[in-house]
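K.L.:
Here are the chains, one letter per residue:
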Amino acid sequence: MTGITTTDLVKRFDDVTAVDGVDLNVREGEFLVLVGPSGCGKSTTLRLLAGLESPTAGAVEIADEDVTTASPSDRDVAMVFQNYALYPHMTARENMTFGLKTATDFSADAVDDRIAEAAGILDIEDLLDRTPSALSGGEQQRVAIGRALVRDPEVFLMDEPLSNLDAKLRVQMRAELAELHAELQTTTLYVTHDQVEAMTLGDRVAVMYDGEIQQIAPPQQLYDAPETRFVAEFIGSPGMNTVEGTLKRRGDAAHVTWGENSLSLPSAGAVKPYAGDRVVLGVRPEDLTQEMGGPLSMEVTVTEPLGDSLLTRGVVGDTEMEVSLPPRSAVDVGDVLSLTADPQRLHLFDIETGAALYHSAETVGSDAAEPPVADTQRSTT
Amino acid sequence: MGVHENTYDSTVGAYLLLLPTLVAIVAFLYYPSLQTLRFSFFQTFLFGQNTRFVGLANFTELLSSQVYLTSVGLTIAFAAIVVVGSLAVGLAVAFLLYEVSDGKAAYLIAAIWPYALPTAVAGTVLLFLAHPSVGIYTHYMEAWFGVELDWFTVGWQGFAVVAVAAIWKQIGYNVIFMLAALNNVPESLNEACRLDGIETWRRLVRVYIPLMSPTLVFLVVINTIYAFFGSFALIDLMTQGGPTNATNLMIYQLYRDAFQFNNLGLASAQSVILFVLVAGLTFVQLRVSDRYAHY
Ligand SMILES: Nc1ncnc2c1ncn2[C@@H]1O[C@H](COP(=O)(O)OP(=O)(O)OP(=O)(O)O)[C@@H](O)[C@H]1O
Ligand SMILES: [Mg+2]
Numbered sequence: 000m001t002g003i004t005t006t007d008l009v010k011r012f013d014d015v016t017a018v019d020g021v022d023l024n025v026r027e028g029e030f031l032v033l034v035g036p037s038g039c040g041k042s043t044t045l046r047l048l049a050g051l052e053s054p055t056a057g058a059v060e061i062a063d064e065d066v067t068t069a070s071p072s073d074r075d076v077a078m079v080f081q082n083y084a085l086y087p088h089m090t091a092r093e094n095m096t097f098g099l100k101t102a103t104d105f106s107a108d109a110v111d112d113r114i115a116e117a118a119g120i121l122d123i124e125d126l127l128d129r130t131p132s133a134l135s136g137g138e139q140q141r142v143a144i145g146r147a148l149v150r151d152p153e154v155f156l157m158d159e160p161l162s163n164l165d166a167k168l169r170v171q172m173r174a175e176l177a178e179l180h181a182e183l184q185t186t187t188l189y190v191t192h193d194q195v196e197a198m199t200l201g202d203r204v205a206v207m208y209d210g211e212i213q214q215i216a217p218p219q220q221l222y223d224a225p226e227t228r229f230v231a232e233f234i235g236s237p238g239m240n241t242v243e244g245t246l247k248r249r250g251d252a253a254h255v256t257w258g259e260n261s262l263s264l265p266s267a268g269a270v271k272p273y274a275g276d277r278v279v280l281g282v283r284p285e286d287l288t289q290e291m292g293g294p295l296s297m298e299v300t301v302t303e304p305l306g307d308s309l310l311t312r313g314v315v316g317d318t319e320m321e322v323s324l325p326p327r328s329a330v331d332v333g334d335v336l337s338l339t340a341d342p343q344r345l346h347l348f349d350i351e352t353g354a355a356l357y358h359s360a361e362t363v364g365s366d367a368a369e370p371p372v373a374d375t376q377r378s379t380t
Numbered sequence: 000m001g002v003h004e005n006t007y008d009s010t011v012g013a014y015l016l017l018l019p020t021l022v023a024i025v026a027f028l029y030y031p032s033l034q035t036l037r038f039s040f041f042q043t044f045l046f047g048q049n050t051r052f053v054g055l056a057n058f059t060e061l062l063s064s065q066v067y068l069t070s071v072g073l074t075i076a077f078a079a080i081v082v083v084g085s086l087a088v089g090l091a092v093a094f095l096l097y098e099v100s101d102g103k104a105a106y107l108i109a110a111i112w113p114y115a116l117p118t119a120v121a122g123t124v125l126l127f128l129a130h131p132s133v134g135i136y137t138h139y140m141e142a143w144f145g146v147e148l149d150w151f152t153v154g155w156q157g158f159a160v161v162a163v164a165a166i167w168k169q170i171g172y173n174v175i176f177m178l179a180a181l182n183n184v185p186e187s188l189n190e191a192c193r194l195d196g197i198e199t200w201r202r203l204v205r206v207y208i209p210l211m212s213p214t215l216v217f218l219v220v221i222n223t224i225y226a227f228f229g230s231f232a233l234i235d236l237m238t239q240g241g242p243t244n245a246t247n248l249m250i251y252q253l254y255r256d257a258f259q260f261n262n263l264g265l266a267s268a269q270s271v272i273l274f275v276l277v278a279g280l281t282f283v284q285l286r287v288s289d290r291y292a293h294y
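In the order they appear, the protein sequences are chains A and B.
If you count the first sequence from 1, position 304 lands on 303 in numbering that gives the first Met the number 0, and the numbers rise without skipping.
If you count the second sequence from 1, position 56 lands on 55 in numbering that gives the first Met the number 0, and the numbers rise without skipping.
Hints were generated in silico from the structure; no laboratory data involved.
For glycine and all other residues, C-beta sits at the position ideal for the given N, C-alpha and C.
Don't take each hint at face value.
Here are some chain B residues pointing at chain A (derived, C-beta under 8 Å) [stated by the list, open to error]:
(1) L55
(2) L188
(3) R193
(4) G196
Bound-form chain B, shown alone:
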């Protein structure tokens, strides 16, 4: 650092060069965030034109609301299922793609196209494919397994359908990164395994996964954020938080308070809680993985 200290006569020059970036960051990142934080201490009327300072009342209201606490629980369960599910399925698909030698490109395209689909389109398509009365998936599930499927009215079924949709949508993204990581594993390690006759499963667990760990950590973080925020469109299109609030995740509750009930203050408080929750989780994930991931 010492060598570069005198490149500019004053630090003013340096700050001038940084100015455009700083302005953009402040205007579009910090200002809205601070505004959200400020709003969370106010009660708002008339789309935020009239405000009244209420201190922590929004937070106490939320934390004593059974509906909201249920939503937090649901969201955490949802995130856990989506992160584990999309990583596990993604890993299985990526490893199969890595091992296959014929038709690799075709399989790869098949595996990642859901990711290329806009969420709104994916949600609409899935809504029809899995529609309780006219959906083709539902039809065969009922025909083959003899179960009664009605995820428009049965809570856990609605939750499951949205979770599966969210996992399905994310697989392509995970596969791309995982395949890149797998391709980085030196071929000679593979050959060392072949010489010892190490079974496929053990090779995946003992060799590939440890060597992919930096990518896997990155994907855990990205998938967590996706599960908390990215499922909004799917819920809005498929269940609108129902049935009986079974898919009323925090991000959806937040949207409803802000834009259906026009309660910006309450929504801002939820925003802050959501932010703290996700930031905290990410922090813990990175700290834990520092200890175990092999870089």
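Bound-form chain A, shown alone:
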């Protein structure tokens, strides 16, 4: 079992608590993505696992062995740094071999074979004798991954390895990484602040906010049944609309109202017991549609044609919301639209804690125990 387990991991820098009680369990062979906004403590978590920082409290286990105080070189991890950290005076090949003999016990022949193999996988055979300054960003990144590959570690740790690439190359490298993982099946923890990258790459995705893990779930479940308001707003592009409203129950029926607007909730009995009547209603932009005489009316403030859809922002009641309309819809700033929401895709959150109270489509995403190695097809297509 070569997974990673952290128990109540805490890291404080002077007065900043960068990591605040993280319990993470990366299963053997799993590709787990850690995602969150800038400064939420992703890199710090990764560095704690690598041993580059020592935790203020808590424990780290790699392959069932407590490595909390072990030195980085004793943990059998390979890290891909955000800025690649290639040695600028060495060729790509030297970058991959330097330290290999200290870190592993391969013979000279084995080293040559491994370099050739990694170079083949990453398609950098022709670049091996160049120094990093003669490589493009994407090529440097592949060399950096190659350096991690040849070490054949128990665990890969990757810190935003694609963040410096242009959009197109990023998509391409994303696919290559997914393929690579499908082939090698090495336990991987991958950090990114890009939620699209997280959704496409991860067998499971851990959403982090303010030093704490908000939710760990397979991508679709994260999208369908976010456990907190933060996850709902963070996952999806754009994220979920959240509106503060009043919950009114009448027997088996219930609806949420704000201003002149009201949405009724199917099977209201499923709403978790809740004190008070102020709640946060969540509905995704893509689950709102235009409908004559719909229950919501939105005054349009901004339209953003995205090509495959027309993202429209406006005010509903006095809350900003976004709706994803079909492309080429005839909508202008100042128009008042009538909207309705898919009743199967409504969510309620606690107004104080942000915890989820209700998902109208509770049938979806109950497969939390999905096997670790999900189909990688999803990300390569």
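Assemble chain B with the ligands onto chain A, guided by the hints.
P.N.:
The following block gives chain B with the ligands in isolation, referenced to the frame of chain A:
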């Protein structure tokens, strides 16, 4: 260049702007240098008021003088020792300073203060600290190692004392530059080394030194020039070229010929030789390092 060619209607304007600088350079740099070159072909009397053209006689006299040739040899050996010594010690100190985490500032000040000391003061202080009969260093060296130290009369000891003093004086300068270069090495390279468990020594040799190489080349050149010219004050204060000419470096011999024996022509010729030697060395160093230094 083409774009800027027509900024001024004539080049006269440009030269006018350059004039103050040109005047200063010519008056204080080229004129004295040319004058030195001219003097080296003359024999001078009465502080240079009377001169007689002698062609290359000064040079032939020097190059056939055993004393002078010995001085050249000594100087080259001295420079080699001082450059290697001050770079090696400076690098060791700078790397330790870089690695230490507590009390960095205090160590840094301790490491660079000799450089802040005027050479004349440093020379005087060292003279007393290492004085053969009353010096505290000498006392303990003799007590601990049971050697007889008398660098006022034993040639190689005098040479060693001056070389050590010159190295000591230069360490601070090297440490400042080396520390700046070390701090420029990205922290993530350090972390990559830690992940691989690369030993300190190997990290220094394989990662830091190559990345510091532009600074190291600069320091080799500066230290070479320092070793050839900057040791004058130390020699003058501590050994006056002795014992038995063991510290009679070229710069000191030059000074003696010029100001003790009033032989300006001969001194000028030595100046020219010294210049050619240092310029040649610097050129070779830069050419060699171009090939190996990583910029
Ligand atoms: N060495 C340090 N000293 C003090 N504070 C630090 C240090 N390293 C990180 N922090 C703080 O800890 C918090 C988390 O930092 P971290 O680098 O883990 O964020 P991140 O999630 O990786 O963000 P990003 O997406 O921008 O890389 C930040 O508030 C940061 O300022
Ligand atoms: Mg980061």
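K.L.:
Go through the numbered hints given earlier and state which of them the structure violates, listing their numbers in rising order.
P.N.:
The structure conflicts with hint 1 only, although it agrees with all the remaining ones.
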